[in-house]
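Chains as they are written, first to last, in the working numbering: chain A, 1 to 241; chain B, 1 to 402.
No wet-lab data here; the hints were simulated from the structure.
Computed from a prediction, not measured in an experiment: that's the story for all the values here.
Nothing false has been slipped in among the hints.
Per label pair, the in silico range of CB-to-CB distance:
id	chain 1	residue 1	chain 2	residue 2	range
1	B	339	A	121	32 to 42 Å
2	B	347	A	175	48 to 58 Å
3	A	183	B	289	52 to 62 Å
4	B	8	A	175	22 to 32 Å
Cβ coordinates follow ideal geometry from the N, Cα and C atoms, glycine included.
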Amino acid sequence: MSAPLIELSRIERVFHLGDSQVHALQSIDLCIAAGEYVAVMGPSGSGKSTLLNLLGLLDRPDSGSYRLAGRDVTTLSADEQARVRSERVGFVFQSFHLVPRLTAAENIALPMVLAGIAPAERGERVRQALRDYGLENRADHRPDQLSGGQRQRVAIARATIMQPALVLADEPTGNLDRTTGEEVMRLLEELNRGGVTLIVVTHDGALGARARRQLLMADGALQQDRPGSGGTPSEACALPT
Amino acid sequence: MRAADLIRFARDAASGSPLRTSLLILAMAIGVAAVVVLTALADGARRYVLNQFSAIGSNLVIVLPGRSQTGGFNPGNAITSTPRDLTIDDAQALLRASAVHRVAPLAVGTSEISVGGRLREVMVAGTTAEFIAVRRLSLAQGRFLPPGDWRRGASEAVIGARIRDELFGRDEALGQLVRVGDRRCRIVGVLAATGQGLGMNTDELVIVPVALAQAMFNSNTLFRILVEANSREAIAPAKAQVSEIIRLRHEGEQDVTVITQDAVLATFDRLLGTLTVAVAGIAAISLAVAGILVMNVMLVSVTQRTAEIGLLKALGATRATIRNAFLTEAAMLSLAGALLGFALGHAAAALIRQLYPAFPALPPDWAVLAGVATALATGLAFGVLPARRAALLDPVQSLARR
Numbered sequence: 001m002s003a004p005l006i007e008l009s010r011i012e013r014v015f016h017l018g019d020s021q022v023h024a025l026q027s028i029d030l031c032i033a034a035g036e037y038v039a040v041m042g043p044s045g046s047g048k049s050t051l052l053n054l055l056g057l058l059d060r061p062d063s064g065s066y067r068l069a070g071r072d073v074t075t076l077s078a079d080e081q082a083r084v085r086s087e088r089v090g091f092v093f094q095s096f097h098l099v100p101r102l103t104a105a106e107n108i109a110l111p112m113v114l115a116g117i118a119p120a121e122r123g124e125r126v127r128q129a130l131r132d133y134g135l136e137n138r139a140d141h142r143p144d145q146l147s148g149g150q151r152q153r154v155a156i157a158r159a160t161i162m163q164p165a166l167v168l169a170d171e172p173t174g175n176l177d178r179t180t181g182e183e184v185m186r187l188l189e190e191l192n193r194g195g196v197t198l199i200v201v202t203h204d205g206a207l208g209a210r211a212r213r214q215l216l217m218a219d220g221a222l223q224q225d226r227p228g229s230g231g232t233p234s235e236a237c238a239l240p241t
Numbered sequence: 001m002r003a004a005d006l007i008r009f010a011r012d013a014a015s016g017s018p019l020r021t022s023l024l025i026l027a028m029a030i031g032v033a034a035v036v037v038l039t040a041l042a043d044g045a046r047r048y049v050l051n052q053f054s055a056i057g058s059n060l061v062i063v064l065p066g067r068s069q070t071g072g073f074n075p076g077n078a079i080t081s082t083p084r085d086l087t088i089d090d091a092q093a094l095l096r097a098s099a100v101h102r103v104a105p106l107a108v109g110t111s112e113i114s115v116g117g118r119l120r121e122v123m124v125a126g127t128t129a130e131f132i133a134v135r136r137l138s139l140a141q142g143r144f145l146p147p148g149d150w151r152r153g154a155s156e157a158v159i160g161a162r163i164r165d166e167l168f169g170r171d172e173a174l175g176q177l178v179r180v181g182d183r184r185c186r187i188v189g190v191l192a193a194t195g196q197g198l199g200m201n202t203d204e205l206v207i208v209p210v211a212l213a214q215a216m217f218n219s220n221t222l223f224r225i226l227v228e229a230n231s232r233e234a235i236a237p238a239k240a241q242v243s244e245i246i247r248l249r250h251e252g253e254q255d256v257t258v259i260t261q262d263a264v265l266a267t268f269d270r271l272l273g274t275l276t277v278a279v280a281g282i283a284a285i286s287l288a289v290a291g292i293l294v295m296n297v298m299l300v301s302v303t304q305r306t307a308e309i310g311l312l313k314a315l316g317a318t319r320a321t322i323r324n325a326f327l328t329e330a331a332m333l334s335l336a337g338a339l340l341g342f343a344l345g346h347a348a349a350a351l352i353r354q355l356y357p358a359f360p361a362l363p364p365d366w367a368v369l370a371g372v373a374t375a376l377a378t379g380l381a382f383g384v385l386p387a388r389r390a391a392l393l394d395p396v397q398s399l400a401r402r
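Isolated chain B (complex conformation) (with noise of 0.2 Å):
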C-alpha cells in the first residue's frame, strides 16, 4: 500500500467515526495544552523573579560591610572583632582594579522631606553620578547628580516618581528648594517610575550626593559599594580583586562580604528551571493518560471494524498494510491532537500575558517540543496493541462478524 493511500484510507476512517475522533483528539489536545501552558506558567515564574533582580543592575558586585562567613582563626580577630566600616575610599580604591568599569558608594538613611507644608518621610540615599549607570536607572526629567568630588557634593536632590507625585502633584518639581532632614536642597532630577527593584523602591528614594548624606546622618560609613563588572566574564575577577583591595586596606582583614548578583541569579535560575521541569513532568501524565485512551479507542475501533478488517484481508491485505493502517490513524489522531493542543496552551498562554501583562507567561521551547514528542510517542506506542490485534485477526471468523 502507498504511503499516500495509506494516509488516505486512515483519514477516512477517522472522519467515519467523528465523535470518537473528535473526543480522542479533544484529549490528546488537553493533554498538550496542559504541558504548554503549566511550563508557560513555571517559566513565567522564573522569568519574572529573574527581571526582577536584573532590575537592580547587571554584572553587579555588591560589598557589604561585616563578614557572613566564618573563616577559622584570623589574627585579625584576636585583636578585635569589630569590623572595620566601609568608606568613601574604600570605594574610591576600588576604582583601580581591573576588571572593575563603575563603582557607585551608598549611604543610606531615613529622614523626612518637606515642602510647602507637606512632609513625608523618605528613604534617602547617598551616593555618587555613577548610581544611575550601575543600577540602570533612567530619568524622567531635568538631570542626575553630577560627577565630581566625592567628598563634596552640592545641595541637590533626585527624587523617585511617587514622592514627586505626593509633595508637587501637577506642580513642577524640576528646580524647587526642598528641605531633606535639616538640610535645604534643590530637586535637579525625578527618576522615572519603575515601580520594581527588590529591597528598594526607588519610586519612593530621594537620592543626594553622598557626602551630603554622611553629613545629613553624621556618619563617615557606607551602606553598601556597589560595583559594576566590565563584563559578565569579568564578575568573577572583580569579585576577587575587590575582596583583595578591600582586605588589604583594612589590615588584612577579611572584613566584609562581596556578593554577586550571578550568583543569586543562578541559584534562582536552577530552583524555578528545576520547578518548570516538575510541573513538565506532572503535565506529561495528562498526556500517559491520552496515550491511554487512544489506545482504548483504537481497540474499539478494531472490534468495530472487525469485518472491515477480514475484508480487507481477503482482498489481499498483508498483516504489516493492516498494522500500518492502524497505527497511522492513531498517530495522525495524535498529530491533530497535539498540534491542536498546542495552538490551545499557546492561546491560553497569551491570555495570560494579556491579563498580567507583568508575567511573562511564554512556554520554553524545549516543553512545547517535548510535549508534542510525547503526545504522538504516546499516540503510537498505544496504538501498537490495537494495530497488532487488528493484523492477527482471523479472516474467516473477521468476515462473519457483521
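Pulled out of the complex, with its shape left as it was, chain A reads as follows (with noise of 0.2 Å):
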C-alpha cells in the first residue's frame, strides 16, 4: 500500500534515577506505515511518552536505529532534528500548551514564524486554518479567553500547519470533557483521513479502540500489536531485516 513512514529496531531508553536504572523502553521494534491511525496504549509508566516523544525527535534512544521516511534520524544534530520536526512532526499535547501572551492566530502561525516563512504566506495559511477549524471568530482570543475544546483545537490548528506527514498527540483529550473530546477526535481523525499518519497515546480503552491499530505497552515492551475496531493495519510494512 506504502512505504513505511516510521521503523525503530532494538530502540532501548534507560533513564537513570539515581543509583537506579529505569528501563523506559527495551528493545522496541515497531513499523508504522504512511497513513496508519495508531493508539498507543498502556498504564502510566509503561513507557508510552517516552515512545512518542523519541519518534518526535524529542528524545534520542540509548541504542536502536529510527528511520523516519527512509532516513536514520538517530544520528542527526540536535539542529537537524529541530529542522526534521519542524517539517514532518505535529504535536498535540494534554495541556494544549499555548504561548499565553499570543493569540490564537499567532499560536497557530509560531511554528511558520519559527521557520522563517514570509508573512503573507503565513497569513493566508492561517485564514484557511482558523476557517477550518471554525476558529474565525477567535482569531484574536488569548488562550485564557478560549475553552478549552478551542484551545486544542487551535494546538491542532498548529500542530497541522506546517503539513506534516506525522501527527502525534500525547492524551489530546485528558484534559477536555466527553463531548468536547469526541470532537477533538473527529478533528483527528479527519486530518487521518486526510493521509496523515497519527499515532495517539491514551490509557483511554474507548479511545483507543477508535484506532486501526492498537499497541500495547507494559514495563517499557510492546506487549500486543493488535487491529482496532477502526480496520485492519497497513500489510505493506514488513519487518524490518
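Join the two chains into one complex using the hints; note that each chain is given alone, in its own frame.
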C-alpha cells in the first residue's frame, strides 16, 4: 500500500534515577506505514510517552535505530532534528501548551514563524486554518479567553499548519470533557483520513479502540500489536531485516 | 526565524511580564543616567574653570618681574641678585617682537576714590588703551583710555560697574570728577559688569593711564606686562621672543618670568579631563550592576518560560533560534533602558543648567556614547548565559514543566 514512515529497530531508552536504572523502552521493534492510525496504550510508566517523544525526535534512544521516511534520524544533530520536527512532525499535547501571551492566530502561526516563512503566506495559511477549525471569530483571543475545546482546536491547527506527515497526540482529550473530547478526536481522525499518519497516546480504552491499530505497552516493552475496531493495520509494512 | 519576527517575539515576551521588564529597564536607565549626569557635572566643572581662565583674555603671555625658577649659575647673579624692575620701556620694546600683537603694561596699587563725601578703598590699575582689547573687557558706558604716548596720560579714569553703583547710584557717572589718591580724575567710561576674572575683579577696579598710576604710587615699575600673541600658534614664539627681548634689555640676565595662559589652561584641562574620565568609570560600575540584574532577570525569565521553550523546540525551533530570541530580548531591554537613561540624564543635566546658569553642565559626547554602548554591551554579555541555558534545555523535561 505505502512505504513505511516509521521504522524502529531494537530501540532502548534507559533513565538513570540515582543509582537505579529504569528501562523506559526495551528493545522496541516497530514499523508504522504512512497514513496509519495508531493508538499507543498502557498504564502510566509503561513508556508510551517516552516512545512518543522519541518518535517526535524530542528524545534520543540509547541504542537502536529510528528511520523516519527512509532516513536514519538517530544520528542527526540537534539542529537537524529540529528541522525534521519543523517539517514532518506536529505535536498535540494534553495540556495544549499554547503560548499565553499570543493570540489564537499567532499561536497557530508560531511554527511558520520559527521556520522563517514569509508573513504574507503565513497570513493566508492561518486564515485557512482558522476557517477549517471554526475559529474565525476567535482569531484575536488569547488562550485564557478560549474554552478547552477551542484551545485544543488551536493546538491542532498549530500542529498541522506545516502540513506534517506525522501527528503525535499525547492524551489529547485528557483535559477535556467527553463531548469536547469527541469533537477533538473527530478532527484528528479527519486529518488521518486526509493521509496524515496519526499516533495517539492514551490510557482510555474506548479512545484507543477507535484506532485501526493498537499498541499495548507494559514496562517499556511492546506487549501486543493488534488491529482495532477502526479497521485492519496496513500490511505493507514488512518487518525490517 | 526572520529578524522582524524575532524582534516581535522578543517584544511580546518582554511586554508579557510588565513589572519585570520595567524594573529592568529602570535599572539600566539609572545606570546610563548616572553616567550622563556625573560626566555632565565633571565636564561642567572643567568648562567652568576654563571659562574663568579664558575670561582673562586669550592668547595671553604674561611677564612678571623676578624669576620663579633657578637657572643655575649666571654671571649676573654674582654681581647682583636683585632683579631689575619691569619698566614702561621694557613694555614698549616688546612691541618689536614679530609674534606679538598687542602689549599692555600694568601698574597696580591700592588707593582711595572719593566723590561728594563718599570714600572707598579701591584697586587702581595703571595701563594703556590696549588693555581693554588684551583682557577682552567691554564698556557699559563712555570710552576707554585714549591711545597715545604711554608716558603721558590725561587725568582720566575708567571705573568698574560696582564702583559706579556704590559711588553714584542712579546718578550719571560719566564726566564726573573724582579724587583718586591725591589726584583729580574725570570719569570717561564704565566697564560692563562681569564678576569674573581670577585674582582681579574688574567690577571693583579703577583704571587710569599708566603714567598717572606710576606718579600716584611714586614708582616707575610695572606689576605685569600683558602680551597678546598674534594667534594661538604664535603663543610659543611670542613667549620666546619676549624672554629674549627682556633678557637683552636687562644686560643678559633672565630676571623675569614669562608664563602663558595656555600652559595653565592645558594643565587644568588635563586635570579636570582626567577627573571626568574617572567619574565616568565610577558611574560605569552602576552599569555593570545593571548588567548583572539583566542576567538575573533573564535567568528567571528562562525558568518561568521553560515550558514555552520546550514547546518552541517541539515546534521545530533550533538552538540558535532560541538563543537569539533571548539575546534579542536582553538587547531590547538594554536598548530601551539606555535610551530612557539617555533622556533622563539629559533632562537632569538641563535642570542643573536651569538652576545654575553659570555652570555649563553638559555631558561630553564621548561619555554619552560610551554610556549607551556599555549598557548595550553589558546587557548582551550578561544575556548570553541565560540565552545559552535556554537553548540547551532538554525539550522533554521542559515540556513536562507547567
